[in-house]
Structures are given as structure tokens and as C-alpha cells.
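Student: What follows is the residue order along each chain.
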Amino acid sequence: MEYVRNAWYVAGWSDDFNRTLKPLTILEQGVVCYRRESGEVVALEDRCPHRYLPLSKGRVLGDDVQCGYHGMTFGPDGRCVRVPGQDNLPSSAHVHRYPIQERHGIVWIWMGAPEKADPCEIFDMPEFDSNGWAVHFGDHLHIGSHYLNVAENLCDPAHVSFVHPTTLGNAASEDVPIRVVREGDVVVTSRWIRNAEPVGFFKAFGNFQGHVDRWHYYYLHPPCTSVIDFGSSSELGLDEEDRDQGMRIFALHFLTPVDATNTIDHWMHIRNAATNDDGAGDRMNELFRVAFAEDKEVLEAIQAEELKQPERRSVRIAIDRGPNMYRRIVSDMITAEKAILQTAVDEKPKA
Amino acid sequence: MEYVRNAWYVAGWSDDFNRTLKPLTILEQGVVCYRRESGEVVALEDRCPHRYLPLSKGRVLGDDVQCGYHGMTFGPDGRCVRVPGQDNLPSSAHVHRYPIQERHGIVWIWMGAPEKADPCEIFDMPEFDSNGWAVHFGDHLHIGSHYLNVAENLCDPAHVSFVHPTTLGNAASEDVPIRVVREGDVVVTSRWIRNAEPVGFFKAFGNFQGHVDRWHYYYLHPPCTSVIDFGSSSELGLDEEDRDQGMRIFALHFLTPVDATNTIDHWMHIRNAATNDDGAGDRMNELFRVAFAEDKEVLEAIQAEELKQPERRSVRIAIDRGPNMYRRIVSDMITAEKAILQTAVDEKPKA
Amino acid sequence: MEYVRNAWYVAGWSDDFNRTLKPLTILEQGVVCYRRESGEVVALEDRCPHRYLPLSKGRVLGDDVQCGYHGMTFGPDGRCVRVPGQDNLPSSAHVHRYPIQERHGIVWIWMGAPEKADPCEIFDMPEFDSNGWAVHFGDHLHIGSHYLNVAENLCDPAHVSFVHPTTLGNAASEDVPIRVVREGDVVVTSRWIRNAEPVGFFKAFGNFQGHVDRWHYYYLHPPCTSVIDFGSSSELGLDEEDRDQGMRIFALHFLTPVDATNTIDHWMHIRNAATNDDGAGDRMNELFRVAFAEDKEVLEAIQAEELKQPERRSVRIAIDRGPNMYRRIVSDMITAEKAILQTAVDEKPKA
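Chains as they are written, first to last, in the numbering used here: chain A, 3 to 353; chain B, 3 to 353; chain C, 3 to 353.
So here's chain A without its partners, still in its complex pose:
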């Protein structure tokens, strides 16, 4: 499987990291994380270069990690600082260090060339810090399907009517056309369902009685961040720009590719309703949990079929414009990374 490497991926929520060693697999790489005494999160290659024991089987000593087999010890920069029984440290004894940034309760890891890691590129949105918005963390969901399958689902408003008929969609939207726009590298797919019955989610939380205008905007930031802006308004005829006047929710999904058939989805939401009611946020999460389990079942079944007949071509239909656009952008990003790598090789002075 190919991945975009020069990107910030979510390693976990801030709460997931402490002074113990936490093993992760991201882009098929074993990574071990822990907090330094200062609290800063460290991420290192999770394998001792001596006999390959994962460092996560060892222990944290101060700011360092000690291998659990023969005690080789590595600092937070990945360099070996001790080999028990000998004084000289072999020059090849080091492990890769992954750049880490922590922000808004989220720990981000950079899987590409460390010198390219620019914290300015980390996903952000003003509602994380704005009055009138509640930030509510969700959970992480393991999905046995590769990240392209999962991401496609996140630029695809059409599936909601069929996969989530009791929570996020209903029959009223089945045939409403989808608008697809590319804004920079972000794929935006959206639709409005006007003057229709509210879906289960807004019946449960919005106290909506009669018909509503409701919307779905899926902002998919390649490779792996998704913002789903959805809401309802009992005031019909709402202008596209006035969504804040309705009940508006941003469902965020941060996909972390594990390997060719597995993805972790860290999900959370930001909302402009019941902003002081943590219980409401928890109850919303329970509905999200139901809906995302429905996605998981579909995406894992698709993965299983792809493995059975990998070469087969699928029929493409109108609603695939968004997913097709997303796949093309990711493919271009991967191609561009390879070209840069090749240039670096070509320009390297001969030894």
C-alpha cells in the first residue's frame, strides 16, 4: 500500500499518552510513544536495532527508553546513550525519531522526512477555541479496511440515506443531487434537503417538531482529515451562509492508516447547541457510535471483497465524483513525494 508520508497524522488523544510506553502502528511502521519528564510526547521507532525487540516491551528511564532484552538505552532523539557491558556506542545504534506536536488535546505525528515537518500544516479550525462552540471528544474506532475506502466514505453524502437510516439520514435525501467542489486540495461534497422531515439525530437533540431544512457539507482534507458539517434549521429557506443560525455540528474524523487493510478513525465533534451540557455531548456520541459501527460493517465487507478479487473493475456512478477527485489528489501527492525523493537521489554527490 502506498501512503502520503509528509503529513501530520493523529497518533491519539492527549489522554492516551503518559509515562508508560505505548506501541502504535502507523503507515506499517512500529512506533513507541511516551511522555518525557517535561510532559512532551516522544515518538520513536519501536524496535531495538540490536535484536529487534520492540522498545515498547522495555521501560522508561527518565527521558530515555531502555530495551527490555539487554538494556540498550535510547534518548528522546533516538540516539543510543548506553550499551551495558561496553563503553563505546556503535554508530549504527539509533532508532528513528518521529516529530510530534500536541494541540487542542490531540497528538499529531509526522511520518515523513523530519526536516519537512511544519507545525503550521497541522489541521485546525477556529471553532476549537470560539465562544458558542462546545468541543467534545469521541473515541477511536478500528476499521478493518484501508484508508482510501474509509476516506471515500467521508466525501460521500449519498451513503447516509442507506447506511444510517435511523440516525444521520432518511429516505427524503435518497435522490437529492450532490454538489462537488474542489477548494485547493480540499474536496467539498454537499447537499441540502429542504422542507423535509428531520433525521433521527435532530429529532433526538434539536427538539424539532415539523419540517426542517437540513444540510451536509463534507470537507475532506487529503490525505486523512475529514470535517462533516451537518445541521438542521426549523426556519425554512435558510441561506447557505447562515448555517450557524441552525443547529450545527462538525463531526471530525482523523484517519490514521495502519496498514493495507486497517485504519484507525479518531472521531469527535464540535457543536453550537447545548454547549454547556456535557451529557448531551455524550448522548450524541452514543448516536455517532451506532452510525460509525454501521460504516465499519460496510467498509470491512468491502475490504474483504477487494481481497477476493483485487483486479476487478467497479462500475462508477454519478455520486462517485467526490471519491474519484479525492483518490486523484492522494495519488498526485504520492507521485510528487516520489519525484522529490528521486531528485534527492539524483542530486546526491557520488561517494
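Quick caveat, the hints were computed from the structure, so don't treat them as lab data.
One or more of the hints may lead you astray.
Pairs count within a copy or across copies, as identical chains cannot be separated in the list.
In silico BS3-like pairs for lysine-lysine, Cα to Cα no more than 25 Å straight-line [stated by the list, open to error]:
hint, residue 1, residue 2
1, K24, K205
2, K340, K350
3, K59, K24
4, K340, K310
5, K118, K310
6, K340, K24
7, K310, K59
8, K350, K205
9, K298, K59
10, K350, K118
Predicted, not measured: the structure shown is a model, and the values here were computed from it.
Once you have looked at the hints, place chains B and C on chain A.
Tutor: Chains B and C in isolation, oriented as in the chain A frame:
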């Protein structure tokens, strides 16, 4: 694994099918079955051509099946009848339809070219509908071994003495020679054990006190249907043609190849004793269940050994005449199917 | 995976064998063992040459084993003695017989050419039969790692400080250098820790109050037998030759390679303390059990990493001298066996 495709296989008992979607795997193909409103069983390729979700994850709408991901809908002939969000239906949007026939409480599926599906070729025997015979359904048994291994066991009277010593065989038959005859494509292996102690099964059900004449006739209809005619008579010296005068049972096995290492065995029996006593039929089935579990253990152990050393040649002995004949017939059937396919390709006008 | 074949491996403890059929896998070979009526252990290839059913699925008849499928029967020398239903016995109908020796409560099997099996080469040590020594059997431990990984651990005193800090090692030994000597084909790695706190094991059993001199001598007999001589003495300054004056324990490990990723470790100990106290031996075994479970976790994690990146080169450090020497000896043994096989082929008269 190679299979005979132009053949009727058992998809299940009639009771197994209703208005819900039932997924099956037959000859490595995913198949989804359901009953139309009229009651007729439909069998379609179990994969939406759009994003490969098995249709069995969707739902039945009237006579149609709707995909659970984006609502693409297919009629009982496999043609796409709806793509939500667009009016035109892509010409490539269809799934394979498998011919189905239902008879005597059994649902048969044709896995080959639909135009060759001839209901006259479905296995039948007069005792299904004759006075003096009770038809008693059994169960389906999953066996982790390929269909050739399972079928061999069903033209092999010799194994009964060793695998089923408490139910269907005993030591008296260990060295009795086996007669092997080919009748058309049917392999018939048989032996009589004259004037011997009855086996466990007939002790339990036949009220036999002293010695009996007993017989085994294995009729193996390639590729996958087996009729085992076995019985006992307390009147010694019974003529081969007069088996109906003894207690006579036909154990039927319908093998459905799943893939290269798995087979489903649908088994049932027809008997000329206790014909109005359903309880007796159930108790016989319990003995069959014991015996077939013994076969399953042997056949799965053999499969495991074959996987370990696939190239190794086995020693062949006298009792292998029936199995060898069966394997040759199946191999010839597969070769003939390939030749017909090749002729069709050769004769196809160039585009 | 390559193995030394001309060697005695431990098939099990004497108690493990009786008149029932016991299946084993050794050097990727299926082996079935049972005791003859005389008590002698027989080891045969565990597969009937007819249809590949493991003979261990059959039954013992006198000194013979009968296949559970069609009753083919093999004598303790592996030759077929009966084929039910026919008089002549096919010349190819035999299974391999493995030489077996039983000694000191241990059953040894020879996996190579039977004519080379020399009982004099079986591992022995005088303490099995000497006054003042207690022989105490342990258990067998399955380790999901290949035998070279497991054996390396048994010529590696350095890991004890880090893997077994509560039982067999402690921090005092972390930087004590290791002596490595080759005595014939035996790799001897050792170190003394002088005037230091006793480790958990000797605190528990030796009644040691203050500082001790303690030692580790790892005698690794390629391919697969290990003797770990370890002990403590409260009399400081003990001479290397006077270890019997301290509390001295020999931990024996007999490795049986199963396949490329699995090994069975039969372990036991011989001690010069509490020699009449079986309960003490059992309690020592409980500590060994804790320690060997720690090794198992490390060795299985290493195996998993090797499978992920089989081609990768590891960093080698000073403490690897013993393991490197061991690997070289095993590699030479395998090369020598192949050369002999090649010579045999070359010298074979042409047919």
C-alpha cells in the same frame, strides 16, 4: 481448485430460504438468495458492481434487492433497476443470476452457463414419492476438506469398518472384498456381509436378534450426489434384487463445494421401516450425526496433511478402485467443459 | 528453516508416553509415539502413506499402530503388516521409523539417518546419578520463536539483568563483562558477580543474609542442549573450581525445534541444596516458570519482528560473542551434514 460448473448443486433445504437475504459460497462464488413475493427462490451474485458490498448486507424490496451502501437496486434477473441520484442506468450495472429449481423440499442451483441449465438433470429417485417410504431430512455439515476428498469417502465401503465401528460398521466386514461397477457415469461400489452380527445402527432400530445378511451399495453420481443404500435382513440368503424385503435405508449426501478446502454436506435419508414414526427418523439422524462427525474428523485431518505436502504421491491399494474411477470421471467432465469453452471462444466472430 | 538432523532431541519426559498414540512435530516432521507392550517407546512418521491420515488418529494394536481410515497397520519398525481387503502388501507401504533412547526419565529421538544414531552421543552429566544431588523435572514450554533465537538466549548471561530482574538477575550485574570460551563444540559463557546482593532466587531459597559471590556458567551444546550452572556463596572469594561449596543449581534446557517459528523447551534442574525436599524443588520450579515466561515474551516478540522485516541487519554488540559463536557452529554442522549427503549421492552406483 477446479470444479464441474455445469451441474445442479444443492443450495439448501427449502426451509432455509425466506424473504431475508441468505449469503452462500459455492464453487468459490459469493451467492445471495431470497424468495420473491411469489415464493420463488432467487440466486444472484453476492456483490454490488459499484463498490463491491455484498448484496446480502442490503435488503429485499418487493422482488428486488437493494445494496446497503448507496441503494443500487437489482431485479431477480440481476439487472440494475435503480441508481439513486441519477436517471440513466449504466449498462455494466448488473449481477449474475443463477438458475434455481426447487423440488422435494430441496433447492438446487446451477453454477454453469445458464442456458445449459436443464431441470431434467436434477437428481431424483422414485422413493421420494412412493408409498412405503419415509423421507426424513437431516442437516448440513461443514467439512474442512475439498469435495474430492469428501466424495471419495462416499464411494468407499471399506472405511466403514474402521471409522464407524459403533454405528455403521463392525469388524466382520474388514476383509470382505468390494465390487466396483460403472453404470453410465455413476460409480457403484458395494459389498454384502452374509450371516454376520448386525451393526449398531440395525441393532438400535431393526430389532434384529441373531445373524443377518447386510449390504452396502454406494451410488456416487459425479460430481457431487451420493446415495448409500444399506440394509439388513434377518432372512439369510437374501437375493440382491430383494433388498426391499429387508430393512432398507437410503442415506443421501449432496455435496456443495465451497472452495479448495471446504465442502458442505447436506444429508438426509429415505427408509422403508417405521415409515410413520418421525421420532424414529430423528433418532436415526442422531446416529448419522455421530457417524458423519467421525468422517469429518478424518477428512479434515487428511486435508491438513495435503496442504503440508501437496506434491507427495500416495500409495494406492485395492479398495481405491472406486475413488480412482470417480476422480477420473470428474476430471473428464472438467476437461470436457473446458473444451466446450475453448470452442466457443474459437467460434466467436471477431469484433 | 534448516536444522541439524543427525542429533538426539528430546521427544518428552518418560511420563509423557504410554500405550496411547502421542503426536509430535519435530523439525517440521509429524511423529507419532507410543509404548510397545514391552514398554519400549516407538516413534514413527505420523502419516499413513495411503490417504495421509495421521496415524495418531488411529489406534494401538499390540505392538502395531492401525490407521483410523482403512485399517492399514504398521509394525514398530515402520513396515506395513496388513492392508484390509487384500493379501499382498505394497512394497512402498511403510513409514519412517525414528530411533529412540530413554534415559534418566527422558525420551530422546534421533531425527537424522537412523544408521548414524549412536546412543553414546546422548547428553549426560554425572550429577544425574550422584549422591548429594537432587534431580527435579520441570515442564515443557512452547515458545513461538525459532530454535536459534531460543538457544541464543541460553548462551547470553547479559539478558538476565534486564529480563529477569526479580528472580535470576539484578542491577549489580548489568555491566560485568562476560567471558566466552569454546570447549570443543560447547560454547561456554560465564561471569562472576563478586560481593554483591543476592538475586531473588537465592534470597528465597538460600537463606542468604548479606553479600554473596555469585556465578553464571552457560554451557550450550549445539544444536539444542543447554546447561546453566548458577549459584551463590556467602563465603566471599570462592574459587571458580569450588562452586560445589556454594549453593549450586544446574538448570537444563532441551530445545526441540518444531518449525521455523516454534520451539519446545523441556526444562528441569539438578541442585546440591535441599536435596531431600521435593517441595523446595517444586517452589524453585515456580520461580523458573516466572522467569521462562519472561523469556518467552521477549523471544516471541523478536520472532514477530523478524517476520516483518526478514532482510534487515541487526547491530551487533560485545555481548553477542557467545551467540555469534553458537550460530557459526550450528551453521557448520548443517553444512557438514549436507556435504555428507552430497558425497553419498555422488558415490551411489548408477542404476
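Student: If a hint holds in the structure, say so; if it does not, say that too.
Tutor: Do the hints match the structure? See the list:
no.: 1; hint: K24 <-> K205; verdict: neither (40 Å within a copy, 34 Å between copies)
no.: 2; hint: K340 <-> K350; verdict: within (15 Å within a copy, 45 Å between copies)
no.: 3; hint: K59 <-> K24; verdict: within (9 Å within a copy, 36 Å between copies)
no.: 4; hint: K340 <-> K310; verdict: between (29 Å within a copy, 23 Å between copies)
no.: 5; hint: K118 <-> K310; verdict: neither (38 Å within a copy, 27 Å between copies)
no.: 6; hint: K340 <-> K24; verdict: neither (31 Å within a copy, 46 Å between copies)
no.: 7; hint: K310 <-> K59; verdict: between (36 Å within a copy, 17 Å between copies)
no.: 8; hint: K350 <-> K205; verdict: neither (62 Å within a copy, 60 Å between copies)
no.: 9; hint: K298 <-> K59; verdict: between (31 Å within a copy, 12 Å between copies)
no.: 10; hint: K350 <-> K118; verdict: within (18 Å within a copy, 58 Å between copies)
Comparing the model with each numbered hint stated earlier shows that hints 1, 5, 6, 8 do not hold.
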